[in-house]
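Peer 1: Protein chains in written order, with the working numbering: chain A, -17 to 259; chain B, -16 to 325.
Derived by calculation from the structure, the hints in this document are not laboratory data.
Please note that the accuracy of each hint is not assured.
Below, simulated SDA-like cross-link-like pairs (lysine to any residue); rule was C-alpha separation at most 25 Å, straight line [unchecked claim]:
hint : chain 1 : residue 1 : chain 2 : residue 2
1    : B       : K(-4)     : A       : Q60
2    : A       : K39       : B       : K(-4)
3    : B       : K222      : A       : G126
4    : B       : K(-4)     : A       : N49
5    : A       : K61       : B       : D220
6    : B       : K222      : A       : N49
7    : A       : K225      : A       : E148
8    : B       : K(-4)     : A       : G96
9    : B       : K223      : A       : Q60
10   : B       : K(-8)     : A       : K39
11   : B       : K223      : A       : K225
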Amino acid sequence: MSNIVNVKNLTFGYNTQPILKDLAFELPRARFMAIAGPNGAGKTTLLNLLCALLRPKAGSIEIDKKNIKSYPARKLAQKIAVVRQEFVPVFDFTVTEVVSMARSPYLGTFGFEGKTDRQFVQEALKLTDTAQFASRPLAELSGGERQRVFIARALAQNTPILLLDEPTTFLDLKHQVDIFDLLKQLQLEKNKTIIAITHDINLTIQYADIALLLQGPPSCDYQYGGTTDVFSTEQIERVFKAKTAEVSIGGKNFYLPLGKFTGDNQHITRNLTEPQQ
Amino acid sequence: MVETLTVKKLTGKILICLAALAVLMCICALVGTQSISLSKVMQGPGQTDPNIDYQIFVGVRLPRLILAALVGAALACAGVTLQAILRNPLADPYILGISSGAGLGAIIAVIAGLSWTFLGGSPLTVCAFLGALATVWLVWCVGTIAGKHRVTSLLLAGVVVNAFFSAVIMFLTSIAKSSQIRWTVFWLMGNITEKPWHILCVSAICILAGIIGLFAISHRLNLLTFGDAEARGLGVDTKKTTLLAFTFAAFITAVAVSLSGLIGFVGLIIPHTVRLLFGPDHRQLIPLSAIIGSAFLVVADTLARTIFGQEQLPVGVITAIAGGPFFLILLAKYSRKVSWLK
């Protein structure tokens, strides 16, 4: 299988100081990739580069074997759908209206949806379980419901790649898991390539196949590989400057952040190897 | 099945609204200080003795009604567009300096005592039109050079230019002769008068072309209201679309302003009314705002010329009296919404 995203020697900075330096990775089709890293490490910057909102200072990004620069806006919108951090639009659009906008890259001059467009919209509403509030204004929904609507919109866009910027930031535990379940389902059943920025290492370990751990300036180091290879107590301490306890569930290691006031718990097998400063 | 806007549904709504507008215009044409009867108008100009009813209808009331309808349509559509591209529900067609630019052009024409005509347009009309276009061009240049937060810098540039040109207008007014002032003041308040048919034809073509242009990009305006990044993610060339929308809106506003002066509030309240009635989809917001804006200004102008008998009010007074309270209600509604979010 060919790689759907191919990033070569990517460098970018908003001023002279680069945020991303010589970043390179190849992402095969239909994988779930997580982008992790501390605040300011360039996660959202990378996402904006991947959807051509920003232009690389050096290096290149290939989407489906073609340089991202060679895509007109409409064609790129047929390859990549983006779900940004949740927000409420200025005007009271209904859920159906918002999801229908996903068909924009496929519409003719005056922009009216046809029969196939409506089918895509309906399917997306059904898959994300948002059909029940299809005619309600977006502003009336809860954060989790709104997030599902934007995922529905990304689905109706019918693209092989989904980019998501912290899709679960403001959600409670159940909704976090629901969103990741939905994304995993889309990967497995619809062969979508999912690229999601996330702060939650443990959800990443559960759901993602591949992880990109960005360290940010000044070193701009990164680790890329299978999720279990990328994360370890030492690695997390080094990148996030946070101590964690390793917990093993079902053969996978998870990481519990430890603060100053965390008590010593018998059930947690704490990793005692003190890292070198 | 999913409820979406189809061409058929939209055409139906447009036709119903157009029919209502036509009926309304007929009624308004028959209302006035001089009462006329429709049956007598229908008899035509008359062979030997002139048919007064027909002359009033065709020579005085009809051109005025058509002008009111055109200006109403232009201002309402421009309001919709600017609210979309600035993502600001309180924007109106004048927010980016068009009003002060046109005002400055007009007052310069009056003070300089120009007397030529261009394509049948008076110096005041032509100068107001050029002033309006020059100002929005200036605001656009300043706003886009200023930085990446295009919306904010456009708004700021508009406010600053408005303030500066208003000061210049005040200065010019203070040194002008009082005979010159009266006309300018009437113009600044927004005033609809009878215009010759050829001017009406030219403006009708300009305004309709602008509205059709806006309609053609209306589904992209929907996406623009979600912000630059979102719209680009959905394949919209935001720079091009914003520029097109801005150009069309500025052009039809400039045409409207140069014909009728600064009629306020139409461009603010009509978009909101139509949005409340039909939802925020710009594909129907543009055509329906045009029709309802026309209807509103036709009624407002009929009131302006009849309410005090022979004495005519500037129509801007009527729209401001109706629009002021509406604007306050709107402001209260939106600020409450914001505090809910906090």
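Peer 1: A separate judgement is required for each hint: does it hold in the structure or not?
Peer 2: These are the hints, each one checked on the structure:
no., hint, result
1, B:K(-4) <-> A:Q60, "violated, 32 Å"
2, A:K39 <-> B:K(-4), "violated, 51 Å"
3, B:K222 <-> A:G126, "violated, 32 Å"
4, B:K(-4) <-> A:N49, "violated, 45 Å"
5, A:K61 <-> B:D220, "holds, 16 Å"
6, B:K222 <-> A:N49, "holds, 22 Å"
7, A:K225 <-> A:E148, "holds, 22 Å"
8, B:K(-4) <-> A:G96, "holds, 19 Å"
9, B:K223 <-> A:Q60, "holds, 19 Å"
10, B:K(-8) <-> A:K39, "violated, 48 Å"
11, B:K223 <-> A:K225, "violated, 50 Å"
The structure does not agree with the numbered hints 1, 2, 3, 4, 10 and 11 stated previously, though it agrees with the rest.
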